[in-house]
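If you want the building blocks of each chain, they are given just below.
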Amino acid sequence: MAFAAFGTSAAPVEQAPRRKSRIALLLLAPGLAYLALFFLTPLVSLVMTSFQAPVEFGDVGQYQPAFKVENYAIVVEAYWPHFLRAFGYAIAATVFALLISYPLAYFIGVKARRWPLLQALMLVLVIAPFFISFLLRTLAWKALMSDESGIVVFLKSLSIIPEDGHLTGTAFSVIFGLTYNFIPFMTLPIYTTLERLDTRYLEAGSDLYASPASTFWRVTVPLSLPGVVSGTLLTFIPASGDYINASASFLGSAQTQMVGNAIEANFISLLNYPEAAALSVILMGVILLLVALYVRRTGTEDLL
Amino acid sequence: MAGGAFAEAGADLELVGIHKRFPGFTAIDDLDLRIPAGSFFALLGPSGCGKTTTLRLVAGLEQPTSGRILIGGKDVTDVKSFKRPVNTVFQSYALFPHMTVLENVAFGLRRRGISDATAKAHEALRLVELDHLATRKPQQLSGGQQQRVALARAVVNRPALLLLDEPLGALDLKLRRQMQLELKSIQTEVGLTFLHVTHDQEEAMTMADTVAVMNKGQIEQMGAPEELYELPRTAFVANFLGQSNLFTGRVTSSTGSSIVVETGGTKLEVPKERAQRHTGEVTIGVRPEKLMLHTSPPKKAAGVNVLGPGRVTDVSFSGVSTQYQIAIPGVGLVTVFAQNMVFGPVVNLGAEAWVAWTVDHGFGLVDEPEHAPRFAADTDTATIAVQTRHELLAEIEES
Amino acid sequence: MKLSLGKWLLPLYSVLALIFLLVPIVYTFVFSFNDSVKSNIVWVGFTFDKWANVCDAQGLCAAFATSILVGVVATVIATVLGTLMAIALARFRFRGRSAISLLLFLPMATPEVVLGAGLAAQFLSAGIPKGLGTIIIAHALFCLSFVVVTVKARVASLDPALEEAGRDLYGSPFQVFLRVTLPLLLPGITAAALLSFALSFDDFIITRFNNGGVETLPVFIYTAAARGVPAEANVIASAVFLLALVLVVVQQLTSASRRKRLAKLG
Chain G
1 MAFAAFGTSA APVEQAPRRK SRIALLLLAP GLAYLALFFL TPLVSLVMTS FQAPVEFGDV
61 GQYQPAFKVE NYAIVVEAYW PHFLRAFGYA IAATVFALLI SYPLAYFIGV KARRWPLLQA
121 LMLVLVIAPF FISFLLRTLA WKALMSDESG IVVFLKSLSI IPEDGHLTGT AFSVIFGLTY
181 NFIPFMTLPI YTTLERLDTR YLEAGSDLYA SPASTFWRVT VPLSLPGVVS GTLLTFIPAS
241 GDYINASASF LGSAQTQMVG NAIEANFISL LNYPEAAALS VILMGVILLL VALYVRRTGT
301 EDLL
Chain P
1 MAGGAFAEAG ADLELVGIHK RFPGFTAIDD LDLRIPAGSF FALLGPSGCG KTTTLRLVAG
61 LEQPTSGRIL IGGKDVTDVK SFKRPVNTVF QSYALFPHMT VLENVAFGLR RRGISDATAK
121 AHEALRLVEL DHLATRKPQQ LSGGQQQRVA LARAVVNRPA LLLLDEPLGA LDLKLRRQMQ
181 LELKSIQTEV GLTFLHVTHD QEEAMTMADT VAVMNKGQIE QMGAPEELYE LPRTAFVANF
241 LGQSNLFTGR VTSSTGSSIV VETGGTKLEV PKERAQRHTG EVTIGVRPEK LMLHTSPPKK
301 AAGVNVLGPG RVTDVSFSGV STQYQIAIPG VGLVTVFAQN MVFGPVVNLG AEAWVAWTVD
361 HGFGLVDEPE HAPRFAADTD TATIAVQTRH ELLAEIEES
Chain X
1 MKLSLGKWLL PLYSVLALIF LLVPIVYTFV FSFNDSVKSN IVWVGFTFDK WANVCDAQGL
61 CAAFATSILV GVVATVIATV LGTLMAIALA RFRFRGRSAI SLLLFLPMAT PEVVLGAGLA
121 AQFLSAGIPK GLGTIIIAHA LFCLSFVVVT VKARVASLDP ALEEAGRDLY GSPFQVFLRV
181 TLPLLLPGIT AAALLSFALS FDDFIITRFN NGGVETLPVF IYTAAARGVP AEANVIASAV
241 FLLALVLVVV QQLTSASRRK RLAKLG
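Chains as they are written, first to last, in the numbering used here: chain G, 1 to 304; chain P, 1 to 399; chain X, 1 to 266.
These are computed hints drawn from the structure, not numbers from a lab. Even for Gly, the Cβ is constructed at its ideal location relative to N, Cα and C. A hint or two may mislead.
[To be verified] Simulated coverage check for chain G against chain X, where a stretch passes if three residues somewhere in it have a Cβ under 8 angstroms from a Cβ of chain X:
| hint | stretch |
| --- | --- |
| 1 | 28 to 41 |
| 2 | 106 to 113 |
| 3 | 135 to 143 |
| 4 | 171 to 178 |
| 5 | 259 to 270 |
Assemble the whole structure, with the sequences as input and the hints as a guide.
Next up, the structure:
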């Protein structure tokens, strides 16, 4: 799924046909065991927890195995705005990230091909944000968008923001933060696909009377679609589960809470494990649906 | 190019004073060329001679450093490629992988807003007998089929000028022969002007009305295939087009109609009208198939040159003919192609032999042959790039 | 030569986009020199103090050390397990290949809250006390898939002819693996290890669910965010950033100079 964008971008060499071997199972065993123990079991555990009921006369945080399906109904009724916001913000962030990243990826991957050093430098700058803690990045934006910051004061003086308005704690700031943090995730897969784009197709388009704009929409964009899809999934999925940006300590407020915030609150503060689990299962369910659709179209070979 | 109008017939192409410089080297050096409308023109030359660059200049995919390009009398030098009435059949076909065969063929028509694009695309596919594969994607077709789709995609636009960039390179021999005949018939049927770029001299000679041999960014000689073959002007043309036996010597005397050149102790006669230079050191030559092989000293006759005796150093059977190499002291190696009229070689390895040819078959060149290395240097940019890449990868692997 | 606006639009946009990406980094760096007392939001004055006395901030250096420790251990686990899996996936056929690919993909697709909550629920019901150990386990888990992806890509770009040559030259399968395959894979494995460490070092959400009071650097920053992150945290973050930047730039320059040297020879 073009995750290789984060690693090497070496072109695959035609491989000898894969050998059928028992060594393979030996190599896989430790990793599989690890995954089974610490990924599958927790997920199962999560589902089971979501059905738990509180222990009668027990303390806060004490639950027993049960089949309390109502947990899901409770959770949906209480938190449907959170779900809406989570997916809404995530979609918005994905769209903005796409609009911002595509031209950047195009420039680095297609136009800058003649200067590999420049390409390398620009790619380093694209991933540079990863080298600084994303909490600090988000806090930096919070400071820059806070009421005391020079920028906000300036915008207020131009009446772009009303005197008593805030930038932070709004849907705008949350979406802004999400978009910013995921631009590299969107740029790299699109860059990888565009980097491999054979410019001879563009020449053929031009030879066949397509104007530059026409060639772009009819040849470049369709051929870059795999990268766009990768980037979209890489952005939307984590963004919908994010809770940092929407947290009141960062760019959000009580009015911008997403599903992630609800899960965190229930699990860590309220110790309401079943509800937290139910929320997680629903979130995971939606994500799995998207992944299933993706896998159905492109198969599992390309996933890794 | 007015949207909607097909060219009624092919147009002239004129290149005037074209220079093309890339950083580090000159690809084309003062090129003047005129291709009349409706002709099949071949641009022939080794890798790196500038022929593909010339093609790209005409297509508008590159800009000349200086000079002008005229199509049908109109100056198109500053016209962008998507506005020129020119279509290209690319060496790599460049069929859009995300579109079906039909959509590929209809692409140019749709961009120009031609009505009935789909119907016309089907018609073009029928011309190359691939209509039944119209809904397939290019990746599902064989190399030969892809090549025909690429041809249909270009031809359907009835361009004033059709450019072919070594389109038959990836095909196997039989298919290539087939496509050569098809291309020629389509060209005459539709009446377009074809500019075909190739390094395969046999292909150029069979298909083209006019052939231009290019070397190091310039045209060395241009004319009908027979003319180029039987009367080469330069050593490059003599060696690139077919094979030649070349002899360098001093002009010792001349008559009214011919010059006499002395080489290795023998006097050889060449008609003046077939010799570019008549005095000093000249290189003359004769084609291997024009030579007659003798196993005993031939009688002296007027109008016949004789070389020998020499020793047969190589006998190579190649089906239609047998190639003999004779080492003649003072002269060097002489190659003879003899049609296999009988079974078996006419002379054996090591035997003594003489070669003779009609004086009228000889030719005189304007220059001398360069010393040719055993393996021709790969000097074209693509090969250099590939070699550099391999070296880089090797270094990365070992580190 | 005509200079049309259109030609410069895209490069200009790209430069602006990159500047935009760098804004928080520059901000963080600048404010690491802020002579702040508690909260680091308002600029007070320029000082090198914070750089000189980084560990004055309570708990910061301990958190930093913890992050390093967790990162190293989790990376080792994930890299070893992941490399073995990658080789198996890239080179061998076996039943359940697609299922395993899917299984490896899922942790990357699962939102961090879900992973974190799931692991926490698991540890809870198994009665395992949360602490350094659970953090490391959690980190190794989500790094595993990324290691597999990175190494698998490297294996795929390995010319099988090299290993065949090793066998042709009398190497046993184990020797070929040790002397041909592994060295050739080393760049990919290194890249995977670095990626894994980076992911672990910056992880917050999963850590928060499973740390049981142990503070890694991100956890420290999060808890401090409410009352004010000390400028010393900016110092550490900036130092890490500069180090990473230098490493990457050096790597790029050496490969570029290698290319230049080859071009001169050729």
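Hint check:
1. 28 to 41: The restraint on the stretch 28 to 41 of chain G holds, since 10 of its residues have a Cβ under 8 angstroms from chain X and three suffice.
2. 106 to 113: holds (count 4)
3. 135 to 143: holds (count 8)
4. 171 to 178: It is violated: at least three residues are needed, and the stretch 171 to 178 of chain G offers just 0 whose Cβ sits closer than 8 angstroms to chain X.
5. 259 to 270: Coverage by chain X holds here, the residue count being 6 at a Cβ distance below 8 angstroms.
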